[in-house]
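For reference, the chains in residue letters:
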Amino acid sequence: MARITIDPVTRLEGHGRIDIFLNDQGGVENTYFQIPELRGFEQFCVGRMAEEMPVITNRICGVCPEAHHIAATKALDGVFGAEPTAVAKKLREILYMAFFVTDHTTHFYALGGPDFIVGPDAPPSERNILGVARTVGLEVAGEVIACRKRNHEIITFLGGKSIHPVAGVPGGWSRPITAEERAQIEDTARKNIEFARFSLSLFEKIVLKNPVYLEMVTSDIYLHRTYSMGTVDTNNQANFYDGMIRVVDPEGNEFATYPPSDYREHIAERVEAWTYLKYPYLKKVGWKGLTDGIGSGVYTATPLSRLNVSEGMATPLANAEYQRMYEAFGCKKITASRYEPIHHRLATHWARLIELLYASERMLELALDPEITSSETRNIPDPSRFTGEGIGSVEAPRGTLTHHFVTDERGVLTKVNMIVGTTNNYAAISMSIKRAAERLITGNAPDEAILNRVEMAFRLYDPCLSCATHFLPGKMPLTVSIRDSRGGMLREMRRKG
Amino acid sequence: MKASVYGGTVIIGMGNPQLSDDGVGLAVAMAVAERLRQHMTLTVTELNTGGIRLMEAMAGFKRAVVVDAMLSGAPPGTVQRFDPKDFVTTKNTFSSHDTDFATAYDLGRMAGVSLPEQVSFWGIEAREFDLFGERFTAEVAAAVPVAVERIVAQITEWEGGA
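These protein sequence lines are chains A and B, in that order. Take the first sequence: its letters are residues 1 to 497, numbered as in our numbering. Take the second sequence: its letters are residues 498 to 659, numbered as in our numbering.
Hints should not be assumed to be uniformly reliable.
As the list claims (entries may be wrong) - Think about it this way: if two alpha-carbon atoms lie no more than 30 Å apart in a straight line, the pair counts; the simulated BS3-like pairs of lysine-lysine are:
hint	chain 1	residue 1	chain 2	residue 2
1	B	Lys559	A	Lys149
2	A	Lys209	A	Lys283
3	A	Lys161	B	Lys559
4	A	Lys161	A	Lys149
5	A	Lys89	A	Lys209
6	A	Lys284	A	Lys332
Unchecked claim - Quick list of simulated restraints, FRET-style, between CB atoms:
hint	chain 1	residue 1	chain 2	residue 2	range
7	A	Glu409	B	Gly504	46 to 56 Å
8	B	Met537	A	Pro259	49 to 59 Å
9	B	Leu628	A	Thr387	28 to 38 Å
10	B	His536	A	Thr414	11 to 21 Å
11	A	Leu138	B	Val643	38 to 48 Å
12	A	Met49	B	Arg632	48 to 58 Å
13	B	Gly504	A	Arg385	24 to 34 Å
14	A	Lys161	B	His536	45 to 55 Å
15	B	Gly657	A	Lys278	48 to 58 Å
16	B	Leu628	A	Gly289	29 to 39 Å
17	B	Arg624	A	Glu126	46 to 56 Å
Think of the hints as simulated: they come from the structure by calculation, not from any bench. A quick note: this is a predicted structure, and the numbers were derived from the prediction, not measured. Beta carbons: idealized from backbone N, C-alpha and C, even for Gly.
Build the full structure now, drawing on both the sequences and the hints.
What follows is the structure in C-alpha cells.
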C-alpha cells in the first residue's frame, strides 16, 4: 500500500496534513485529514475576568481576529445581561462587513481563484495572486490592495486599533462614529460594491464561460449531499452578525431553526481515535461516519451552505446573483425565494463572491442608517441583570463561530468552550478530500495537476488550520509525499504556498 | 501610502503573545524600540499573520525590521538574521490564507505600493509554540537581550550609513 501525504504546513509541528493511502492496485484505500489544535486554551482563560475575552480571543487566529472579537463581545452581552443599543449592533456589524469584504476578497484572489484564473494545471509557482494579476491585468493587483486598505482603515478606527479590535464591550461599543467617518464608510461601501460586481463578472468570464472549468465545477468529483447550516435574520435570510441558526436537509427541507444559545441540543461531537480534533455533527440525525445523505448528521457551515439555508439574499444585487447561481445549477425553487440546495462544493467559490457583494451592500445600508452617528452606543450593564453565562455566535467567513463563557458571581471565568468555523466542516472536508482522491488518483504516482485537484477539494472550504507555521529557509509550505506500504519515500514535491 | 508620509524605520514584531515562545518577536521589537526611541523615529507594529498583511505593514517606510519566532531545527534560543534574497519564511511570515512574504512583496511592487529599500528578518528559534501561555521558555528568554543587541546594532549601522 502506498501513502501520499499532502502537508500544507510542516509535519514536525503536528499541523494540518492530508494522508492518502493507496491499495496495491493504485486506487485510494483511505484518506485522513488532520487539523491541529492549540493546547491549553481553556486553562489559559479560566480564572481571568470575562471582559478580557474579546481581546484574548482575537489573538487566537491571525486570520479572523474580528470574528472572535465580535463573538466574544456578544457572549459578554449574555454574561452581563446587557442588551446592546441599536446603534451599537449596527457599528459592530459595519466592522464585521468590512472584515468580510477583506477576507473574501483575499481568499478569491490569492487562494481559491488562482486555480481557475491561472488554471488548475498551471505550475504552482504561477498559481498564485501574481499569476492572477498577470492573467487578468496588473491593475487587479492594485484593486485588491486598495480594497484591503480602505476596509482595514474602517476596521482600525471603528475597532479602536489596527488588526486586533478593542472596541467591543458588554452592552455595546466603546465609541460612536463622526459624520466624517460615516461618509468614509459610505464611500468605502460603494467602492466595495463595484469591486464585488467586478469580481463576479470576472468569475463569470473566466469560470462559467469556460466549458472545461464549468464541467469541473459541476462534476461529481466535488459533490456531497449533506445538511447545510447558516445564520438567518427574522426573514430567514442570511446574516453574518446575528440571528437564528438554520439547518436544511440535503433536499432543502427545513430541519431546524434555533437560537445559537441552544447549540448543545443540536450539535454533538464525535471523537475518533486517530485525530485529536472532534467531528461535530447534528445530534438529532446522529453520527453515521464520514458519509453523506439525509441519514448522516454531517453538515457544512460555509458560504455555500449559508446561501442554501437562506430565503434569497437581503440585499438586491446579491439577491439577483443568488438567483442566477441557483438557476445556473438547474435548482428548482422550493419556497417563494429559496432553491434546492447546491451540493457541488466548488460552487462555494461562487457563493463566497455573492457574500462579498452582500457584505458590501449591507455595509452601505448601515452607513446610510439615520441613527448610525448616534452617541447611544452602550447600555451600561445593570448588576442586577448579571447572569454569569453567555453564548455569542456569528458567521465567520469559514463557518458558524460560537463562543460560550461561564463565570462565577464576580465575573471570573470558570468555563470556556468554542466551536470555530472550520471545525464545523471537519467531517465534510475529510469527505471531500477522500472523494476527490478516489475519483482522480488511479496510480501510485499521481502528477502535480492531479494532486492540485485533490487539494482544491479542501481549499474551497478555506480551512483555518490556526496560524500557519513553517520552516526556513528553503522549505516550502506544502509537501506532497508519496510513500510505499512500508513508509518508504517514493517521491516528494515541495512548493510555495 | 507614500514614503514621505511615514519614512523612517518600522519594527514589526510577529507572533502571538499568548502562545508561549511564539510571542518572542514582539517582545524583542518592543525592547528594541525602547532602546532606540530617543535617538530616532521608530514605529513598532504587532502582527500575527504574515503574507500580504506583512507587506502592507511595511508600506510607506524606508526601512523595515521583522522579528519572529522560527522553527528551523536549530537549538532553541538561536538568533539568526536573514536577508530577503536568501530568505523564505519564519514561523509567521507565511499566511496559509493568502501567500508567502516573497509573493506578497512582489504583489506590492506590482501594485505600486511604496516598499522599504532595506528589509531585514530576524528569527529566534522557539521551543514551545502551540501551548497557550504568556511566558517564554528559559532558552528563548535568554535570547531576547542577544537579539535586541544585534538588532540595535544593525539599525544603528543603517542609520549611520543613511
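Let me make sure I understand: some of the numbered hints might not hold for this structure. Which ones are they, in numerical order? The structure breaks hints 2, 5, 10, 12, 13, 14, 17; every other hint is satisfied.
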